[in-house]
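Number of protein chains: 2
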Amino acid sequence: MKEGNLFSEIPDGAVKEVFTTLLKTGAFTLERIVSSGQATPPGQWWDQETHEWVILLKGRAGLMFEGEEEVRTLQPGDFVLIPAHRKHRVEWTDAVQTTLWLALHYRE
Amino acid sequence: MKEGNLFSEIPDGAVKEVFTTLLKTGAFTLERIVSSGQATPPGQWWDQETHEWVILLKGRAGLMFEGEEEVRTLQPGDFVLIPAHRKHRVEWTDAVQTTLWLALHYRE
Chain A
1 MKEGNLFSEI PDGAVKEVFT TLLKTGAFTL ERIVSSGQAT PPGQWWDQET
51 HEWVILLKGR AGLMFEGEEE VRTLQPGDFV LIPAHRKHRV EWTDAVQTTL
101 WLALHYRE
Chain B
1 MKEGNLFSEI PDGAVKEVFT TLLKTGAFTL ERIVSSGQAT PPGQWWDQET
51 HEWVILLKGR AGLMFEGEEE VRTLQPGDFV LIPAHRKHRV EWTDAVQTTL
101 WLALHYRE
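Residue numbers (the working numbering), protein chains in the order written: chain A, 1 to 108; chain B, 1 to 108.
Each hint should be verified, as a subset may be incorrect.
Note that the list lumps identical chains together, so a pair holds whenever it fits in one copy or between two copies.
As the list claims (entries may be wrong) - Mimicking DSS-like on lysine-lysine, the simulated pairs with C-alpha atoms at most 27 Å apart in a straight line are: (1) 16 to 87; (2) 24 to 2; (3) 58 to 87; (4) 2 to 87; (5) 24 to 87; (6) 58 to 24; (7) 58 to 2.
To be clear, the hints were calculated from the coordinates, so they are not data collected in a lab. Please read these numbers as outputs of a predicted model, since none were measured by experiment.
Next up, chain A with everything else stripped away, as it sits in the complex (with noise of 0.2 Å):
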């Protein structure tokens, strides 16, 4: 996908995350992922091999990282950078409109 528009396309209240390919080299991955209210399952948590930075672009969510305590709030324009197997989990995602994402996976 050489050229497209990030906000077009966005399947509304499906199932399960949608994850779109938009990059990829050999030092990275760029994927848009969509949200409609998902959350990562209870007890469970992400623990990547890679880095990934990732930017909220629509909607809200609440990412939880281990060994904190609060649960951080994201809303547009808010990224993060979390660290390969620094384990985090999606709390929850906005239960009335879509979730957007722009995420990098990148190794050093």
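Given the coordinates of chain A, assemble chain B onto it according to the supplied hints.
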């Protein structure tokens, strides 16, 4: 800058475009660009050593590629991949509001 909000601390009506590096590795540089009506000077072209995946997130802009007859109008969410050495210029950016871009410069 490990976390923040891409839409905050936007300089308003700056004389020059403002470039902020968000993330940099040996393989890529991720940067925010804020334009306030600037354009590439007449007769000049960008000719870059790296590929650039760029998305416009706020405002509007006109992007021209060498050899093409029409200026492409970019609106929020529009992204485009500009291969290295593909000559291009920004014909105009929104004169009323700031224009915000997220650019990923990379080598294969």
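Hints and how they fare:
no.	hint	in the structure
1	16 to 87	within (21 Å within a copy, 40 Å between copies)
2	24 to 2	both (11 Å within a copy, 22 Å between copies)
3	58 to 87	within (24 Å within a copy, 32 Å between copies)
4	2 to 87	between (32 Å within a copy, 16 Å between copies)
5	24 to 87	both (24 Å within a copy, 23 Å between copies)
6	58 to 24	both (23 Å within a copy, 25 Å between copies)
7	58 to 2	both (22 Å within a copy, 20 Å between copies)
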